[in-house]
Amino acid sequence: MGKIRRLVLDVLKPHQPTIIEWARQLSDLEGIDAVNVNVYEIDQKVENVKVTVQGRDISYDRILEVIKENGGSLHSIDEVVGGALIIDESITLQDHLRTGS
Amino acid sequence: MSPLRRWLQQLREYEDIAEVGEIARRYFAMNAFDGILTMIGVLVGNYSAGVESARVVISTGLATSMAIGVSGLWGAYFTESAERKRDLDDLESYTLTDLNETKIGRASRAAAIVVSLVDGFAPFLAALVVLSPFFLTSLWGNIYHSYYLSLVVALGALFALGAFLGAISRENMALMGVKMIGAGLLAMVLGYLLRLVE
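Taken in order, these protein sequences are the chains called A and B.
Per the numbering used here, the first sequence starts with residue 1232, numbered consecutively.
Per the numbering used here, the second sequence starts with residue 13, numbered consecutively.
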């Protein structure tokens, strides 16, 4: 079965546990080599974070468990990369038209 | 990881999430203070009534300290549980998820238990310390020595509590200790004045 190598998730979480704790717990999961948790919006009680995980074989279910256990709620899955290599999205003509570059 | 280490780590995590330390410290100081002052009241009352049996002083003191302990335990548990449940409900309205079975929900429940234990045991232990000379009355044979010693112990405990609060607030520890002694002396004087009313 194909392996997930990178996941980018948009998550709403309470301020506690902190993103430090989140990064620690996510990086403890098997098959994960790197974690990036980035806050992009802060509210009075909650914050929106972009969670990027990269590894050899990422288990989406285990990541979801960590998110739920820490009181987070998954808003969207913004990027998934699978397979033997990690590739970024290709720039197409439509992207140029959209950005005007 | 050993079970004890895991338990300690979990407790530390809960402390970070639910901020148990600060509130437990507050309850400890507040209720130890209550325990000491209540015991001063019991001692001055017994002294004014001319009670000369260490057993009577110990049993009234212990019964009172247990009642304060139970009151602290119950009162703090239900108050803290209610407050924390409200906070959790409030947070759930933001995350739109059930947080009860998450780390946050468990930390919140653990916090209510820890805080109520502190709230119950602080006055009980403080009262026991004040009462301790009466357990040794047979050593010096005179109950009035136990009364005086107990009152001195009570003032000493108040000073220590004041110094503890001084250390927390980074103020002058000795001055805070003396301020706390002031409350003890006031309780003693008021209790003693009852003699004049009788």
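These are computed hints drawn from the structure, not numbers from a lab.
Warning: the hint list may mix true and false statements.
In silico BS3-like cross-links for lysine-lysine, where the CA-CA straight-line distance does not exceed 27 Å [claimed, not checked]:
(1) LYS1299(A) with LYS191(B)
(2) LYS1281(A) with LYS1299(A)
(3) LYS1234(A) with LYS1299(A)
(4) LYS97(B) with LYS1276(A)
Structure-based check of all given hints:
| no. | hint | in the structure |
| --- | --- | --- |
| 1 | LYS1299(A) with LYS191(B) | violated, 49 Å |
| 2 | LYS1281(A) with LYS1299(A) | holds, 15 Å |
| 3 | LYS1234(A) with LYS1299(A) | holds, 23 Å |
| 4 | LYS97(B) with LYS1276(A) | holds, 15 Å |
The earlier numbered hint that this structure contradicts is number 1, and it is the only one.
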